[in-house]
Each structure stands twice: as structure tokens, then as C-alpha cells.
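Colleague: Fit chain U to the given chain R structure using the hints.
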Amino acid sequence: MAKARLKVPKKAKKGDIITVKSLISHPMETGQRKDKKGNKIPRKIINNVVCNYNGKKVLESNWAPAISANPYLAFNLRASESGTVEVIWTDDDGSKTTQSAKITVS
Amino acid sequence: MKKARLIGAAIVGFGMTLTAAAYAEDEVRSGYYWATEETKAMQDDDFANPGFIWVESGSEHWTKVEGDAGKACQSCHENAEKSMVGVANKYPKYREDMGKLQNVEQRINECRTKFMKAKAFKWESEPMLALTTYVRHQSKGLPVEVDIDGPARKFYEAGKAFYNERRGQLDMACKHCHQDNAGGILRANVLTQGQSNGFPTYRLKWNKIGSLHRRFRGCNKQVRSKPFAYGADEYVNLELFLNHRGTGLKIETPAVRN
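Chains as they are written, first to last, in my numbering: chain R, 1 to 106; chain U, 107 to 364.
So here's chain R without its partners, still in its complex pose (with noise of 0.2 Å):
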């Protein structure tokens, strides 16, 4: 089961860059790699990662097996208006792990 976090500061002013942090807890199996039997281990890793601002994308990310297990995300953004930062990792089964924040931008 995947555990994420989203950190986005609670207050900003308007204009401000303030920074998103994000981690999710996941394996990121390559797929690449052998059990003890000599079978290969399934790819099995987050390979989307999007952030919406009030309903818009921000961010868009593709990954790709090199990136480390409980991959930590952070980056900038321009707070414009008071609303919800919300951060979607998508697996490679599909299924969605969401997390949100809500900002007050004066």
C-alpha cells in the first residue's frame, strides 16, 4: 500500500514561489531484477506523476525505473490564489495514490 506526504506551506502571498514537497512510500521494482529462484522480478513502479493548482496542471512528470524506491519530489511554484494543491502518482497497475493541501494565498 502506498503512503504519501504532501508538504505546501499553509500561508503565501501572492506572487510568492513557495516550495511543494512530496514523497511517496513505494518499491519502484526496475524490473530488471531476479528473485532467489533466477525468476525476473515484475516492473512495478509509479510512472506518472501530475500536480493540479485549483483544478490545473502545474506539473506533469514521466518516470522511469532509475528513480530511487520512495521517491521524493519537490518543486516551485507561483502561488496566484487560496485554493488546493493536489499531487496524483499513478502505478504502473494503474491505480492512483492522491494527496492534497490547501493554501491561503493573501
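It is worth saying that the hints were derived from the structure and are not from the lab. For every residue, glycine included, the Cβ atom is placed at its ideal position computed from N, Cα and C. It is possible that some hints are incorrect.
To be verified - Okay, the calculated beta carbon distance ranges per label pair: (1) I291(U) / G15(R): 46 to 56 Å; (2) K44(R) / K311(U): 13 to 23 Å; (3) E216(U) / A66(R): 58 to 68 Å; (4) F75(R) / R330(U): 41 to 51 Å; (5) L310(U) / V58(R): 45 to 55 Å.
As the list claims (entries may be wrong) - Computed list of chain U residues with no C-beta within reach of chain R, every gap over 10 Å: (6) M148; (7) S163; (8) K188; (9) F221; (10) L248; (11) A279; (12) K314.
What the hints assert, rightly or not - Subject to a maximum C-alpha distance of 20 Å in a straight line, what follows is the list of computed PhoX-like cross-link-like pairs (lysine-lysine): (13) K21(R) / K7(R); (14) K332(U) / K266(U); (15) K246(U) / K146(U); (16) K7(R) / K96(R); (17) K314(U) / K3(R); (18) K314(U) / K44(R); (19) K314(U) / K228(U); (20) K34(R) / K314(U); (21) K57(R) / K96(R); (22) K206(U) / K196(U); (23) K21(R) / K3(R); (24) K13(R) / K102(R); (25) K170(U) / K228(U); (26) K36(R) / K327(U); (27) K311(U) / K34(R); (28) K146(U) / K21(R); (29) K220(U) / K199(U); (30) K196(U) / K44(R); (31) K246(U) / K356(U); (32) K7(R) / K102(R); (33) K96(R) / K14(R); (34) K44(R) / K96(R); (35) K3(R) / K206(U); (36) K3(R) / K44(R); (37) K7(R) / K57(R); (38) K21(R) / K11(R); (39) K36(R) / K311(U).
Modeller: Showing chain U alone in chain R's frame:
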């Protein structure tokens, strides 16, 4: 930082003997000291530190009712952020009724089986790692201070003997790597003093958090000696010795190491 670079130069110039000599015997240093800047930064940021996944998960297990007695850890110990401060830094402890030492994992399982009437956790299982990390984290920043006097002395001495004893096909003791050559290079690794203050530790190589006994098993296997079982008396004695050796260091749980 400046000092680390200086020592780096010494390695190139004069070989390993000088490196070891650069450290006074009684100078204790956490593995943090030798970690790369990136690893240090990851440990220092509670958010970027992946070990906090287990801290958070531990806080959830803490309040979860399990077992026939219908209790959670919280039922007796209330708020861990108060009741567990200054607890784990004093473990392992001598238990008179058991006639031997007990460490944190074993204490947790005793509470589960005796008081909660729940099944014992497996040593390296997710809930055990999470609860141990959560409990040890409450002592973060506090100095390691174990009691080795009185009846604990015998077990401390046994741990010390284990530490200094050659074993395995490579015929090496813990001290050969972590005392005589701390600061030196072993294959791609910088050898540290092998301190225990950051455990359970998030290891980038493991891609997860791991217990101190897992590390002991790994270090035993490295010299091709047969590892002991998780929670074996030999390892709990060794844990007491190691913690005492690190007296003065601060608990870093969850530390990040490569």
C-alpha cells in the same frame, strides 16, 4: 568539513595507518560524520527523510487495538510523544526476572503477548520496524546512556568479547573494520565506527528501514561467518556493548545511510 577533506588527503598520501591514527581512540563519531552531503541533507529534512514513513506508520500502530485483551499501546502508555521520551536510549536493560538483557523489540513483543494477548511481531516485519522506529524516534537528540554496572556487566563483557573476536572465513572481528580502520575505504564504502545511534536506519541500499540486528547479520555475512538469529542473546549483548561504546552520541532515529 574542512577536517574531512584534510583526512581525505592523508589517505592518498600515506595510506590507511595514518587515517586511523588521525582519530583518537576515545573520539566517538556517528556514521553521520562520514555520510555524503546529500545523505546528510536527506536525514536532516524530516520530510525528505524516507525513514519518517515508518515513524508515521508507527504512530498508527500505536493507537491500533489488537489482541484478545482489546488494547492498544496507547491504552497503557497514552501519548508516546510524552511517555516514550528518554526510554529507548537506555536500552538494552538487564531484567532480573529474565536473568538477561532485553532490548526494545523484545520489550514491545512482551507487551504484546503478555498485556495485549496479541501475537508477537516478527523481528523485521513492517509493524515491528515501525513501532521500534517510532519509540526510538521519541528519544531523538537525547544521548545514548545504557547501564552496564551490576548484573548488566557480565552481558556487556560478553558483547565486548564478541566485538573483538575474529570470525568467519575472513577471520575478522568487528573492531578490525570499525575501530582500527574507521575513516578508511573498504571497496566502495567509507568505513565508519559502526555506531548504533541511528537505528532503525533507512539504508539507501536496502530501500527501506532496517533493524540493528539486520545490520549485525549483514556484517557477519560480510566476513563469511554464520549470522545469529534476530534477537539472539549474542546480538542483544553486542547491542549493549555497542551502545555503551557510543556513549555521548545522540539518538538520530531514523538515520539515513548508504
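Colleague: All hints, please: hold or fail.
Modeller: Verification of the supplied hints:
Evaluation of the 46 to 56 Å hint for I291(U) and G15(R) yields a pass: the beta carbon distance comes to about 49 Å. Our hint of 13 to 23 Å for K44(R) and K311(U) holds, since their Cβ atoms are close to 19 Å apart. The hinted window of 58 to 68 Å between E216(U) and A66(R) is violated, with their beta carbons roughly 44 Å apart. A beta carbon spacing of about 46 Å between F75(R) and R330(U) agrees with the range 41 to 51 Å that was offered as a hint.
About 30 Å separates the C-beta atoms of L310(U) and V58(R), a value inconsistent with the hinted range of 45 to 55 Å. At roughly 8 Å, the least C-beta separation between M148(U) and chain R is not larger than 10 Å, which violates its mark as non-interface. Here S163(U) does not stay apart from chain R, with its beta-carbon only about 7 Å from theirs, under the 10 Å limit. Distance check for K188(U) against chain R: the nearest CB is about 24 Å away, which clears 10 Å, and the non-interface claim stands.
Chain R leaves F221(U) outside its interface by the beta-carbon criterion, the shortest separation being 28 Å against a cut-off of 10 Å. The Cβ of L248(U) sits about 25 Å from the closest Cβ of chain R, beyond the 10 Å cut-off, so the non-interface label holds. Every C-beta of chain R lies more than 10 Å from that of A279(U), the closest at about 30 Å, which supports listing it as non-interface. For K314(U), the non-interface assignment is contradicted: its Cβ lies about 7 Å from the closest Cβ of chain R, within the 10 Å cut-off.
Between K21(R) and K7(R), the direct Cα distance comes to roughly 5 Å. Compliance with the 20 Å bound is thereby established for this hinted pair. Proximity of K332(U) to K266(U) is assessed by CA-CA distance (about 19 Å); at most 20 Å being required, the pair is judged to hold. For the proposed pair K246(U) and K146(U), the alpha carbon gap of about 16 Å is at most 20 Å, so the pair holds. Distance check on the hinted pair: K7(R) and K96(R) sit about 19 Å apart at the alpha-carbon level, within 20 Å; holds.
The straight-line distance between the Cα atoms of K314(U) and K3(R) is roughly 14 Å, inside the 20 Å bound, and the hint therefore holds. Pair hint K314(U) plus K44(R) holds up; C-alpha atoms about 16 Å apart against a cutoff of 20 Å. Proposed proximity of K314(U) and K228(U) is supported: the alpha carbons are some 16 Å apart, at most 20 Å. Pair hint K34(R) plus K314(U) holds up; C-alpha atoms about 19 Å apart against a cutoff of 20 Å.
Restraint check for K57(R) and K96(R): satisfied, since their Cα atoms lie roughly 16 Å apart, inside the 20 Å limit. Restraint check: the Cα-Cα separation between K206(U) and K196(U) comes to about 15 Å, which is no more than 20 Å; the hinted pair holds. Under the criterion of a C-alpha separation no larger than 20 Å, the hint pairing K21(R) with K3(R) is consistent with the structure, at around 14 Å. With a C-alpha separation of about 14 Å, the suggested pair K13(R) and K102(R) falls inside the 20 Å cut-off, and the hint holds.
With a C-alpha separation of about 17 Å, the suggested pairing of K170(U) with K228(U) holds against the 20 Å cut-off. In summary, the hint linking K36(R) to K327(U) is supported, as the alpha carbons are separated by about 17 Å, within the 20 Å threshold. Annotation: proposed proximity of K311(U) to K34(R) holds, straight-line Cα distance about 16 Å (limit 20 Å). With a C-alpha separation of about 18 Å, the suggested pair K146(U) and K21(R) falls inside the 20 Å cut-off, and the hint holds.
A C-alpha spacing of about 18 Å is found between K220(U) and K199(U), which places the hinted pair at or below 20 Å, so the restraint holds. Taking the CA atoms of K196(U) and K44(R), the gap is about 41 Å. The hint is violated against a cut of 20 Å. Straight-line distance between C-alpha atoms of K246(U) and K356(U) comes to about 7 Å, which keeps the hinted pair within the 20 Å bound. With a C-alpha separation of about 10 Å, the suggested pairing of K7(R) with K102(R) holds against the 20 Å cut-off.
As the CA atoms of K96(R) and K14(R) are separated by approximately 31 Å, the hinted pair breaks the 20 Å bound. Proximity of K44(R) to K96(R) is assessed by CA-CA distance (about 13 Å); at most 20 Å being required, the pair is judged to hold. For the given pair, K3(R) sits about 39 Å from K206(U) by alpha-carbon distance, which is inconsistent with the 20 Å threshold. In summary, the hint linking K3(R) to K44(R) is supported, as the alpha carbons are separated by about 15 Å, within the 20 Å threshold.
Note on K7(R) and K57(R): the hinted pairing holds, with a Cα-Cα distance of about 18 Å set against a maximum of 20 Å. Proximity of K21(R) to K11(R) is assessed by CA-CA distance (about 15 Å); at most 20 Å being required, the pair is judged to hold. Distance hint between K36(R) and K311(U) is fulfilled; the C-alpha atoms sit about 18 Å from each other, no more than 20 Å.
In summary, the numbered hints that this structure violates are 3, 5, 6, 7, 12, 30, 33, 35.
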